[in-house]
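Here is what each chain is made of, one letter per residue.
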Amino acid sequence: GAVVSQHPSRVICKSGTSVKIECRSLDFQATTMFWYRQFPKQSLMLMATSNEGSKATYEQGVEKDKFLINHASLTLSTLTVTSAHPEDSSFYICSARGIGTYNEQFFGPGTRLTVL
Amino acid sequence: DAKTTQPTSMDCAEGRAANLPCNHSTISGNEYVYWYRQIHSQGPQYIIHGLKNNETNEMASLIITEDRKSSTLILPHATLRDTAVYYCIVRAPMEYGNKLVFGAGTILRVKS
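Sequence order for the protein chains is Z and R.
Here the first sequence stands for residues 1 to 116, numbered as in the numbering used here.
Here the second sequence stands for residues 1001 to 1112, numbered as in the numbering used here.
This is chain Z alone, in the form it adopts within the complex:
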């Protein structure tokens, strides 16, 4: 149990375009989802936290207009990187938390974004 998927696993896009990354909890309802970013040889950095049906809470220094997060259902959250630039190239990882037995953070496999 507690499987979290991400799609796509890898994406390459041109500078200036927008990219959407999906995060799904496959076998539990995720009341809270977290988005992390990881640059090469660095640790995971929390970008934002979202509760289902509510606006996301962004960590300090993360631009909410650039990283749009939608958590419209209990099994799906999306992260849209708008007007992507090469410095946005990174490994994006989502994490989902439910209730009861699933009241822990379960991580997805990550999405590698490369902006040319």
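Hints in this document: simulated from the structure, not taken from any laboratory.
The structure displayed is predicted, hence computed values, not measured ones.
One or more hints might be untrue.
Label-pair restraints from in silico Cβ distances [unchecked claim]:
1) R:Gly1029 to Z:Ser18: 42 to 50 Å
2) Z:Lys14 to R:Leu1051: 32 to 40 Å
3) R:His1049 to Z:Glu52: 21 to 29 Å
4) R:Thr1008 to Z:Thr114: 38 to 46 Å
5) R:Asn1030 to Z:Pro86: 39 to 47 Å
Only part of the chain R face toward chain Z is listed, based on derived beta-carbon distances under 10 Å [what the hints assert, rightly or not]:
6) Cys1012
7) Ala1013
8) Tyr1034
9) Gln1042
10) Pro1044
11) Gln1045
12) Val1085
13) Val1101
14) Gly1103
Don't be surprised by glycine CBs; every beta carbon is placed ideally from N, CA and C.
Could you slot chain R onto chain Z? The hints should help.
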């Protein structure tokens, strides 16, 4: 959340026990110690967590000192597939809405 201190890297021979230390001297009474690991280019994988008693599961054992200021993760028989970055995280209970904040972790290299 309390900060943790871990060695930057460690080596371990295949088949031997890997003992990964973590210091968390400012831990509060209701904060848990969590361990995750991250294999290259994958998402973090949960290993184990504990509050004050030692814990064991199919992956590892967690030894927490009596004063709770430090802990050790033990992989009893390390394999090459255990090569990863291991993160020790101290966090308040989930019902307080706290999230996992990752530090630098320890790079464990298991060698044949």
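Going through the hints against the structure:
With their beta carbons about 46 Å apart, R:Gly1029 and Z:Ser18 fall inside the hinted range of 42 to 50 Å. Between Z:Lys14 and R:Leu1051 the Cβ separation comes to about 49 Å, which falls outside the hinted range of 32 to 40 Å. The hint said 21 to 29 Å for the Cβ distance between R:His1049 and Z:Glu52, and at roughly 25 Å that hint holds. Against the hinted window of 38 to 46 Å, the Cβ-Cβ separation of R:Thr1008 and Z:Thr114 comes to about 28 Å, which falls outside the hint.
Taken as a hint, the range 39 to 47 Å holds for the pair R:Asn1030 and Z:Pro86, whose Cβ atoms sit roughly 43 Å apart. About 21 Å separates the beta-carbon of R:Cys1012 from the nearest beta-carbon of chain Z, more than 10 Å, and the hint is not met. Annotation: interface hint on R:Ala1013 violated; nearest CB of chain Z at approximately 25 Å, more than 10 Å. Contact between R:Tyr1034 and chain Z, as hinted, is supported at the beta carbon level, the nearest pair being about 9 Å apart and thus within 10 Å.
For R:Gln1042, the interface hint holds, the least distance from its beta-carbon to any beta-carbon of chain Z being 6 Å, beneath 10 Å. Look at R:Pro1044: its Cβ gets to within about 5 Å of chain Z, closer than 10 Å, so that hint holds up. The beta carbon of R:Gln1045 comes within 7 Å of a beta carbon in chain Z, closer than 10 Å, and the hint placing it at the interface holds. A least Cβ separation of about 8 Å between R:Val1085 and chain Z falls short of the 10 Å threshold, and the interface hint therefore holds.
Because the closest C-beta pair between R:Val1101 and chain Z is about 6 Å apart, less than 10 Å, the hint holds. Look at R:Gly1103: its Cβ gets to within about 6 Å of chain Z, closer than 10 Å, so that hint holds up.
Consistency note: the structure conflicts with the earlier hints numbered 2, 4, 6, 7.
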